Amino acid sequence: MDVQVLLAERVRAAIVKAFGAEHSGAEPAVHRSSFADYQADAALRLAKPLKKPPLELAKTLAQNLDTSGLCEPSGVTVSPPGFVNFTLGRAFLESALASVARDERAGVPRVAAPATVVIDYSGPNMAKEMHVGHIRSTVIGDALARTLGFLGQRVVPQNHVGDWGTPFGMLLEHLEDLGADRAASELSMGSLNQFYQAARQKFDGDPAFAERARQRVVLLQSGDEQTLARWRTFVGASLRYFSTLYRRLGVLLTDEDVRGESFYNSMLPDVAADLERQGVARVDAGALCVFFDEFKGKDGAPVPLIVQKSDGGFGYAATDLAAIRFRTSELSATRLLYVTGAPQQQHFAMVFATAKRAGFLPPAARAEHVMFGSILGPDKKMFKTRSGENVKLADLLDEAVARAEKAVREKNPDLDPGEARRVAEDVGIGALKYADLSSDRIKDYVFDWDRMLAFEGNTGPYLQYAHARICSIARKAAEAGIVVTDATPLVLATEPERKLALELGMLEPVLALVERTLEPHKLCGYLFDLASAFTSFYESSPVLRAEDEATRASRLLLCQITKNVLGLGLGLRGMAAPKRM
RNA sequence: GCGCCCCUAGCUCAGCUGGAUAGAGCAUCGGACUUCGAAUCCGAGGGUCGUAGGUUCGAAUCCUACGGGGCGCGCCA
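Residue numbers (our numbering): 1 to 581.
In short, the hints are calculated from the structure, not lab data.
For clarity, every value in this text was computed on a predicted model and none was experimentally measured.
Just so you know, not all the hints are guaranteed correct.
[Unchecked claim] Straight-line distance between alpha carbons at most 27 angstroms, and here's what the computed BS3-like set of lysine-lysine pairs gives:
| id | residue 1 | residue 2 |
| --- | --- | --- |
| 1 | K309 | K298 |
| 2 | K443 | K476 |
| 3 | K411 | K476 |
[Stated by the list, open to error] Per label pair, the in silico range of CB-to-CB distance:
| id | residue 1 | residue 2 | range |
| --- | --- | --- | --- |
| 4 | M1 | E419 | 37 to 47 angstroms |
| 5 | T166 | D270 | 14 to 24 angstroms |
| 6 | Q278 | H31 | 40 to 50 angstroms |
| 7 | R545 | E56 | 46 to 56 angstroms |
| 8 | E56 | M1 | 46 to 56 angstroms |
A virtual CB, placed ideally from N, CA and C, is assigned to each residue, including glycine.
Modelling step: build the complete structure from the supplied sequences, incorporating the hints.
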């Protein structure tokens with residue numbers, strides 16, 4: 001139940017009652033307020049069409065408002081130049097929160113009509129180590145998959161891995177030289193960069209090898225069985241390695257979700273033929289191209305999307321188009337999300353426009369580029385190692401955990417080493433992911449270990465700590481034999497209790513906002529506000545030592561609801577919520 | 001040259017369909033632990049929201065121009 005929606009309905013009814021049915025379409029404009037719980041700005045917006053002073057309209061509106069069950073009569077006020085303020089009634093807040101307490105989904109309903117949402121994310125390259133560049137796509141995509149899935153959408157993750165193309169000639173030839181078994185074991189241990197570099201070196205330095213590599217590409221693309229078997233060895237070993245990284249990172253992707261470039265290979269000639277037959281693409285300078293009025297190049301000439309190269313080969317545009325066709329027709333997706341970097345924006349704009357023209361993307365389906373900025377180093381340049389290489393994701397995870405372990409041992413020496421290690425894993429990786437999710441994805445962000453692992457501010461550890469503290473209270477309560485159930489009466493008598501209750505009701509609208517905007521940081525902002533409201537409550541309001549039994553029970557239940565919402569929210573970020581840390 | 005994205009406090013970032021006095025964290029200064037976890041909380045100072053116009057009763061938010069930074073512009077993905 002979303003309070004804002006309830007209030008908006010009442011305001012709309014009052015508009016109709018006071019000003020006539022012809023204004024039933026007017027915007028109630030209800031939102032949170034710093035002067036009350038909520039405010040409605042409808043009167044301000046109606047001033048012009050009704051040609052009356054907004055303050056007068058606001059008063060008329062307030063007189064016609066029926067807020068029974070939501071606010072006390074004194075809870076509705078008007079202030080210049082035309083705001084209508086709402087303070088929710090205590091009885092309403094208490095019963096609303098009770099329904100949150102009874103629901104394991106914390107009062108968030110599932111959508112009535114689920115849509116099929118394909119989310120394309122992570123997409124590592126088989127030949128290369130996963131690095132910082134992949135972390136954003138993987139973590140943001142995972143958070144969106146979890147959030148939309150929780151809301152009841154039918155989410156189909158797609159890991160569009162780079163498992164095809166000309167580099168595989170040299171990679172497979174190198175694998176041939178090493179022997180399949182040895183190569184497979186190297187690859188599954190994460191020596192992808194070394195493997196790639198060794199192959200590259202031979203390719204550049206040994207003409208005979210280079211020639212064999214070129215032959216190998218031909219064999220691969222013509223479907224030679226022995227070559228394909230080697231290719232499967234290569235891809236299988238790499239995927240096993242990626243799977244270990246995914247598990248450690250705590251993302252949901254599995255082998256089931258892998259549908260790489262190779263999967264679409266056989267569809268490419270048909271996609272090209274279809275586009276040409278429909279007149280969407282035409283041959284220019286030997287290449288099959290799609291042109292657009294809005295995309296122009298350096299000399300003002302239109303820049304094309306190249307579907308098929310002049311040598312007959314297919315580029316990634318063809319693969320992307322085939323994937324769209326597959327996703328709308330075979331997977332019956334109506335929402336297609338592409339979680340990739342901002343630099344690819346023009347590419348996807350052209351691909352989506354082409355798909356629309358060709359009917360691959362029916363009007364009922366929409367494709368969205370969920371783009372994100374770069375991760376920057378302390379120098380504000382692209383985050384690289386000192387030697388200028390990409391930072392390996394595996395190294396990043398190790399360092400995050402090592403730093404977290406140091407902090408955990410320091411802050412809580414009582415934890416036994418095994419548990420400290422487990423907690424460090426949760427905290428370190430949680431901090432890394434949270435840092436990525438908590439700022440607006442469109443912007444570049446500066447990578448900073450100290451800031452992401454800080455226990456103050458909008459960080460993973462702060463939220464986990466708030467959660468762990470509540471768990472601690474729950475433990476103590478259980479030891480003392482204090483039991484609360486979801487039927488325990490809630491008493492919102494003090495301001496901190498009231499603020500916390502108000503915050504606990506915001507999960508539903510925030511998740512709706514994340515679904516609409518595809519901006520996971522809005523949920524982080526909410527969780528931080530919630531944790532702050534809780535710690536304020538916690539500092540001012542004794543729980544186990546409350547003045548009377550009813551207050552104690554109520555506060556304990558308040559703690560429990562907060563723990564559930566916090567845990568739920570962290571879960572939707574793909575983060576663990578340790579019971580102690 | 002064309003196009004896209006970004007610019008908010010000393011630093012790192014929020015700011016929801018335009019709404020009342022632009023908010024956090026860090027840093028600085030000052031308070032709060034014999035009491036549920038001080039990894040915390042409470043308070044203070046600190047901002048011409050890049051600049052200039054425009055739309056509006058009202059602009060950090062929408063439009064235009066300019067400045068600064070980043071990225072992309074035919075056969076790589």
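Going down the list of hints, with the structure as the test:
no.: 1; hint: K309 with K298; result: holds (21 angstroms)
no.: 2; hint: K443 with K476; result: violated (43 angstroms)
no.: 3; hint: K411 with K476; result: holds (20 angstroms)
no.: 4; hint: M1 with E419: 37 to 47 angstroms; result: holds (39 angstroms)
no.: 5; hint: T166 with D270: 14 to 24 angstroms; result: holds (22 angstroms)
no.: 6; hint: Q278 with H31: 40 to 50 angstroms; result: holds (46 angstroms)
no.: 7; hint: R545 with E56: 46 to 56 angstroms; result: holds (52 angstroms)
no.: 8; hint: E56 with M1: 46 to 56 angstroms; result: violated (33 angstroms)
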